[in-house]
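Undergrad: Chain residues, written in single-letter form:
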Amino acid sequence: MGAPDFDQLSVGDQIPGATVHVERATMVRYAGASLDFNPIHYDDRFATSVGLPDVIAHGMWTMGSAIQIVVDWAGDAGRVVEYTVRFSAPVPVPYDSGTDVAVAGRVKSLDEERRRVVIDITASVGGAKVLSRALATVDLG
Amino acid sequence: MAVNPKVEGRTYPATKPYVVSRAKIAEFARAVGATDPVHLDPAVARERGYSDVIAPPTFAVLVAQQAEAHVMTDPEAGIDYSRLVHGEEGFVHHRPLVAGDEVTAHTTVVRVRAAGGHSMVNLRTEVDTVDGENVTTTTSVVVIRGDS
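Here the protein sequences line up with chains A and B, keeping their order.
Following our numbering, the numbering of the first sequence begins with 440 at its first residue and continues without gaps.
Following our numbering, the numbering of the second sequence begins with 3 at its first residue and continues without gaps.
Honestly, the hints are just simulated from the structure, not real lab data.
Glycine included, each C-beta is placed from N, C-alpha and C at the ideal position.
One should not assume that every hint holds.
To be verified - The following label-pair restraints were derived from C-beta to C-beta distances:
(1) A/G490 / B/T141: 37 to 45 Å
(2) B/D76 / A/A457: 35 to 43 Å
(3) A/A442 / B/R113: 35 to 43 Å
(4) A/A457 / B/E78: 42 to 50 Å
(5) B/D82 / A/L474: 34 to 42 Å
(6) A/G490 / B/P44: 39 to 47 Å
(7) B/P7 / A/L474: 23 to 31 Å
(8) B/V87 / A/H460: 21 to 29 Å
(9) B/A116 / A/P492: 25 to 33 Å
(10) B/V94 / A/A442: 14 to 22 Å
(11) A/D511 / B/G134: 47 to 55 Å
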């Protein structure tokens, strides 16, 4: 299914990126799907009472959404065999308009023997990184 | 309150068996914008060699967080959940989770350390089928903020 040709890849190659919009309804939907009902992700009063500037997105929503550019590029979600991230900053989700997460990726390394590719993903809001050390390993073997 | 270093190395009980369903995969896929039809259409999944629809790459967190909850609620560990910040997360998939899989998960506390007034806890969770096949290994780092 439309897998990239391993032999044509080089370290540094960009893969197509995306902009992902997130608003309160996105958080409610993710809470239900993931069973993570921490109110900091949908309740303003609660979020500000524990010192947050606003409702913030589930880190796991950001992680789960950011991998989609890699899945689109790889042609099959099952080719993502490893995926790790560090949550470097929260994603505030304003009540009125929500926010946009910009996601980009590039080839970090190639394992010739196992035909595996490590994609370095960046995810940012307004130019500030929200994920760091976000690495996905894609098996093209 | 710092996290009790004595829980380092401890493995907590496995979760009750959880059956991965097509409906939950579809719900989760929609929630994270996972549009690959391999999550939604069993015919597509079979064409690609899977026995049924497969879960998105971060779906296993659903099961893993149930297992991690055993650590979070252990009074001996002393984790103040209201001060918890998720620092890192990782997945190693030995194969994709597939609809129909019946899985359990168990969490091991890999490391507890103090860092600048905070406590950092590394957790590793194995997600296995009830037949004992290891499907996914998840790792997470949680930070428990100190009083200051």
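Undergrad: List in ascending order the numbers of the hints, as given earlier, that are violated by the structure.
TA: Going through the list in order, the structure violates hints 1, 5, 11 and respects the others.
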